[in-house]
Amino acid sequence: MKRLIFIFFSLLSLAAHADLKVLATVPEWGALAQEIGGKHADVFIATGGLQDPHRVQARPSLIARARNADLVVATGAELEIGWLPIILRNSGNPRVQPGQPGNFEAARAVRMLEVPTRLDRADGDVHAGGNPHIHTDPRNILKVGEALTARMAQLDAANASSYRANFKDFAERWKAAMAKWEASAAPLRGLHVVTQHKAFPYLYDWLGIVEVATLEPKPGVEPAVSYLSQVMNDVATQKPRMVIRAAWNSPQPTEWFSEHAHIPGVVLPFTVGGSNQAKDLFSLFDDTVAQLLRVSN
Amino acid sequence: MHRASLSVLAACGVLASLPAQAANNDLKSLREEIAQMRQAYEQRINALEARLIKAESTADSAQTVARQTAVQQTSVQQTLAQQPMVQQAAMPTQSNRFNPEMSLILMGSYNNLKQDPNAYQITGFVPTMGEVGPGSRGFSLGESELVLSANIDPNWRGTATIALAPEGEVEVEEAFFQSLGLGNGFNLKGGRFYSGIGYMNEQHAHAWDFADAPLAYKAFLGNQLGEDGVQIRWLAPTDMFLEFGAEVGRGRAFPGADNNKNGVSQGAVFAHLGGDAGISNAWRVGLSWLGSSPKDRSFDDTDSLGNDVSNSFSGKSRMWVVDGVWKWSPDGNSTVRNFKLQGEYFKRREDGTLASSACGGCAADYNSDQSGWYVQGLYQFMPRWRAGLRHDALKSGTVDIGLVNNGTLSLADFPQLAAHDPKRNTVMLDYSPSEYTRFRLQFARDKSGLGATDNQLFLQYIFSLGAHGAHSF
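Going line by line, the protein sequences match chains G and D.
Note that our numbering numbers the first sequence so that position 100 is 100, with each residue one more than the last.
Note that our numbering numbers the second sequence so that position 172 is 1172, with each residue one more than the last.
Honestly, the hints are just simulated from the structure, not real lab data.
Check each hint, because a few of them may be wrong.
[Said to hold, decoys possible] Covered by chain G, according to a simulated footprint, are these stretches of chain D (three or more residues, beta-carbon under 8 Å):
#1 1181-1193
#2 1224-1235
#3 1277-1287
#4 1423-1436
#5 1462-1472
It should be emphasised that the depicted structure is a prediction, and the values quoted were computed from it without experimental measurement.
All residues carry an ideal CB built from backbone N, CA and C; glycine is no exception.
Bound conformation, chain G alone:
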């Protein structure tokens, strides 16, 4: 009988510890954690592919997930500042608090762009750490993946070799895919574009695309029509070839600009789940490059 009880409890504890429970704030890190974790990671993603990552509700379900999580994977650079602190504080889980190994911030693994030299809300929704939309450059996915693998291996030493092997395999496929994307996107180099929200500086940095204007007067501030027509006049000489928005931006500003400036409007998936084609990290970039090429030709 005693032995039976012992087996029962060890089974229980096995069931509870078999997986590394991961709470990812945004789909891209959820997908990456799943690639690395494979069958050993139980990944829950806090937001959908069509959600504005700046404005997320601190939903009760997220607090429940954070309570049991071994690892919270966030972008950092204040992207989740409006909701993640509340979730973590209410979770009653000391392992995932900021500064603990169970709290991973992707932005710490990459070189940040657009780091403001002064901090003033008169400049709109600026992030002190730099532009937080780092995942739109696939080279950053690789860097973050490397750091995340190390972190997952540290937290779950039993499966460390499996995580490293998974990442090695992922990194090889990723590098091959990057070479393919870079080759097909070569005609985009030097292309002038207008963007609704500053969501893609890392993508542009990677592909050599030139952002000649943004439709938002300041980051996070919706443009009025008068401002849009001003932008249109200002950039006319620069001859932008397309106007780009992320799937979660409100459609009107880009539609207006596209119609009045007579250039095509492009909706980029931004993250996994941002379009029907973007089902994982690979198809996210397949679709992103395809969308850009489709209108540039």
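Position chain D against the provided structure of chain G, taking the given hints into account.
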């Protein structure tokens, strides 16, 4: 003299003709020189660019390598602590770098009120002595809220919310410590804090969706219940949100009466259940119970002869609160469109004795059984713009006054407690050009007082300065 001027003229002539002759040669050499310079600069720029790219890539790889080894060798905590140290090593130590996060909320409004706000009352309900009126007529400054918060050490976090009233008073709304490291889903809070009962009670006024509190909050909690005490919460280890909480305190404000007594004078227990329904819907429901034992909780009234009198209640106050909130946004993206429905139901029973100065402090049994509810909907129909609708209703129910039953006094001696079911309807439109700014237009038809319908118009602003606040669900 003549000769001199002639030779000067001649010299001028020679000088004037010189450039014309030399122009072709000079231009040619100048062009060559510029071309050489350009070439030299281009070479130098190219060399610099190449060096920059090389430096960047080595810095990147050095960073990655450093990070890798650090992660492998030491705990991540140490790594994160070391990074800023390395960058800032050359800078002198500044003691203010550990200053708390600070934010300041500025609020104010223009109010147009048909009835005199000084005569505001919620007839049928014991006055709470709180600031429940609709505010002053005309332009008025609201409360300015100063919020300071920071981690105290790895295990604790502290938060203080100081309200600066326009009259110049300073009130500590909240000042509490909160655990970070208890684990197993436990959270401990102590100090002064807003009670965890109901849905809206924990939210500060600037986060409300209307300019004022629901009538039920005004009548049963004096706007909002703040407690000096301790609170413990436990979050169940389930995927569905299930939370239990309990708190005890001094009962410093309504329905308590600051009893000047050791031990516990007021306590509450609550439970919350919540989850998602698909990606577009999220919800939470709650059930709370609040018990208080006020001693000599007094309120002012006017007796049948028109004299100012003071009545006081001693006994038990027991209240149940049921609350629910549901939020919807297409694909979970609340930026463009979203909808929020929230409602709460209060039921309170008070048992004890009521004494009145109208009969020289005579006292007799008193009990009341009262309830109230509100429901409100908020719809963001386009980015930055929201419209809201709210309905409030209170039921004065049964109020049994022993002093009236035994003939000592009459009902006319308690006009505040006259049978009346207050009602209010409110419409609201607000515009938030940025996350830190909100302008609100609100109109209410308020039947809180017996026989006096008040038409209330509020034009309100809410600005938030400083640290970016995080808002609860």
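Okay, the hints, checked on the actual structure:
Given as covered by chain G, the region 1181-1193 of chain D passes the check, having 7 residues with a CB less than 8 Å from a CB of that chain where 3 are the minimum. Counting residues of the region 1224-1235 of chain D whose beta-carbon sits less than 8 Å from any beta-carbon of chain G gives 3, enough to reach three: the coverage restraint holds. Residues of the region 1277-1287 of chain D with a Cβ under 8 Å from some Cβ of chain G number 4, which satisfies the need for three, so the listed coverage holds. For a cut-off of 8 Å, the count of residues in the region 1423-1436 of chain D with a CB near a CB of chain G stands at 4, and the three-residue condition holds.
For the region 1462-1472 of chain D, the assignment as covered by chain G holds, since 6 residues bring a beta-carbon within under 8 Å of that chain's beta-carbons and 3 suffice.
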